[in-house]
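Participant: Single-letter residue listing:
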Amino acid sequence: MPRVVTLTTDFGSGSGYVAELKGRLLRARTAFTLVDISHDVSPHDVFAAAWLVGQGCPAFPSGTLHIVVVDPGVGTDRGLVWARLGTPESHQDFLCPDNGVLTLALAKLPLIAARRLTVPADAAATFHGRDALAPAAVRLLDGLPPESLGEPLHHLARLPWPSPEETPTGIQGEVIHVDAFGNLVTNLPASLVPQLRAAGRLRVGPHEITTIVRTYGEATPGTAVALVGSQGFIEAAIVEGRADERFDARVGTPVAIDT
Amino acid sequence: MPRVVTLTTDFGSGSGYVAELKGRLLRARTAFTLVDISHDVSPHDVFAAAWLVGQGCPAFPSGTLHIVVVDPGVGTDRGLVWARLGTPESHQDFLCPDNGVLTLALAKLPLIAARRLTVPADAAATFHGRDALAPAAVRLLDGLPPESLGEPLHHLARLPWPSPEETPTGIQGEVIHVDAFGNLVTNLPASLVPQLRAAGRLRVGPHEITTIVRTYGEATPGTAVALVGSQGFIEAAIVEGRADERFDARVGTPVAIDT
Amino acid sequence: MPRVVTLTTDFGSGSGYVAELKGRLLRARTAFTLVDISHDVSPHDVFAAAWLVGQGCPAFPSGTLHIVVVDPGVGTDRGLVWARLGTPESHQDFLCPDNGVLTLALAKLPLIAARRLTVPADAAATFHGRDALAPAAVRLLDGLPPESLGEPLHHLARLPWPSPEETPTGIQGEVIHVDAFGNLVTNLPASLVPQLRAAGRLRVGPHEITTIVRTYGEATPGTAVALVGSQGFIEAAIVEGRADERFDARVGTPVAIDT
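Residue numbers (numbering that gives the first Met the number 0), protein chains in the order written: chain A, 0 to 258; chain B, 0 to 258; chain C, 0 to 258.
So that you can see chain A by itself, here it is in the shape it has in the complex (with noise of 0.2 Å):
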């Protein structure tokens, strides 16, 4: 049985939605730790919870469930499913739509078994989440074992998750998230590192870093640097400044090292 469940949805916190989601989950006869990893996922954006998903669900403890209600597709024929990935002995379980939220979580933890939920007949067309998915989750905190939820699956729906590619001049990446500091974390992964330095420079869209350091304070205020990140991927930052604002940068604006 959980001992820890997660919660990531683009609800908006604070929303009633979310209190809703919380309730039904409480009226399990286990007690359990509820933790929100967030309700402001930007609206409708599947891509952004599956960056989410994989970088903060592998933390947690084994055995931690995981909800997650990104779903633009709720009520139509997309399925919703139960899902464990990683290791007999250290996983992590997932209950979401099978719309692609895993990727990322899927690229670093291979899966060990899936089900397809079956959707209770009085279900709202409009909230799965708290008519399907929550007492999917309470039949598991109350013991029951994961093949009570549904049919076997054996493939989970997949984003097309953007490469780094070999150019003529160089490796072109791209953005593939900002963080709450503004910092552009890139696709392309630390083991480039000695590529970049031999390069010189990191380019972010039109704009050229040169300063390559491992850690924020090495520079001063104010500075464009290049750094590996706690992703393990290569990163542009403004020390203590946004590097989002500087390089009017965003989700897909590409990289490049010059090889």
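Careful, some of the hints might be misleading.
As the list makes no split between identical chains, a pair holds if one copy fits it or if it spans any two.
Subject to a maximum C-alpha distance of 25 Å in a straight line, what follows is the list of computed SDA-like cross-link-like pairs (lysine to any residue) [said to hold, decoys possible]:
1. K107 - D247
2. K107 - R2
3. K107 - T258
4. K107 - R249
5. K107 - H154
Calculated from the structure, these hints are not laboratory results. Just so we're clear, the structure is a prediction, and the values are computed from it rather than from any experiment.
Position chains B and C against the provided structure of chain A, taking the given hints into account.
Facilitator: Structure of chains B and C alone, referenced to chain A:
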């Protein structure tokens, strides 16, 4: 004794006032689950709080204690109350100012009992949440009966709540809530769907919505749709967009069905 | 062992950094209550964090562990500390960078003991919250003594904190915090109320407030009032309005009482 305690305030997420309130509650000797419903109710907006409390609180397990502090009259002679709503077998308990914040909850769940709280003499005149409601909650968490909190009360304050009206040309209502997606929740109940389908349109201010669906995914992104939302009210939405912006609508904007 | 753990960061509510931090903490073998104080401290604003920690943390039950990560110097040679403040019978414990973030807490609660943490060799240079503070918290939650975290420290960094000053015409202070309602909390203590009443006015920049009340509800909406706030400081407010907007005021705006 309550096993779950929820908080709904206008203190602002992340404010020190919320921290102080939680710190005081956690001094109770009994363990409990603390749930934030919202700390971002629009400042002093008792109507918005009443909506949120009415939407979210009934979903919680019986015996949950809901603390609600949206209290522009703090320190004046408006009362503070403990109230139990529902049935003896399945009830929600509240600690809040007696300013109408339970209006929608009372429309869903009958009043079982209420008490007017005695305010401690040393309570700060501007922070009864911390100095009167939290200590009352701790008494309940520590196993004292509600009767120990103060004298019985037989009536609670209620806000005027807008009801749909029949007009010479149809049924007139209004927007009573805008959710995080920009969906416009009206006060027209789901029971009016036959009239809506017969009319073929929902009027929102000067605009008309002619696509009536069961769920958002039935129409293409960008389409204006009318549907029954998860609260049982007719709702205006833009598929994967924002109806509040498209229709320049807010709480109070008139809506109508022609008959 | 701590029973309650609080978090105060500038990571941004709903960010994956917060999720990672919580996931690591929940790997502790002991159950505990996890409380978010704020994840929306203005980025890198150690002064704002010091205010929040000083306001919120003393309210918690003795033995609470407060993790504070507002850390522009992450990865440089600024230290990370464990500190115990208060009295042996009633104390608050902290894990945080040694950058002044405990300044206001130290003004309220004396330092009992502190340790300088040993940072794990494999910690990411940009995320000591996850890789150094969370593991230290888990050690404490798992029952290890604070002495196991590192060498004793006898002094903690403190920020310069603005004190009111006597001038030829009166007492000069400043705004030290603006709350979610737009109320202006000053550094003038409640003990100056006799002087305030004698002067008949509080100066806020070039403006004057001449209505002195005990609580907001004593004046009509829209009135500018001066009162003692729940933190024990003199505060400027607009009843059911925003004083920061009316007076174009912010942290650092001068305030004065004529004497």
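Participant: All hints are to be evaluated individually against the structure, with a verdict given for each.
Facilitator: Going down the list of hints, with the structure as the test:
Proximity of K107 and D247 under a CA criterion of 25 Å is satisfied in neither setting, with 30 Å inside one chain copy and 44 Å between copies. Taking identical chains as interchangeable, the C-alpha atoms of K107 and R2 lie at most 25 Å apart only when both belong to the same chain, with a minimum of 22 Å there against 33 Å between chains. For the identical chains of this complex, K107 and T258 are neighbours neither inside a copy (28 Å) nor across copies (57 Å), given an alpha-carbon limit of 25 Å. For a Cα distance limit of 25 Å, the shortest separation of K107 from R249 inside one copy, 24 Å, qualifies, whereas the shortest one across copies, 43 Å, does not.
Only within a single protomer do K107 and H154 lie at most 25 Å apart by alpha-carbon distance; the minimum there is 16 Å, versus 43 Å between protomers.
This entry does not satisfy hints 1, 3, going by the numbered hints stated previously.
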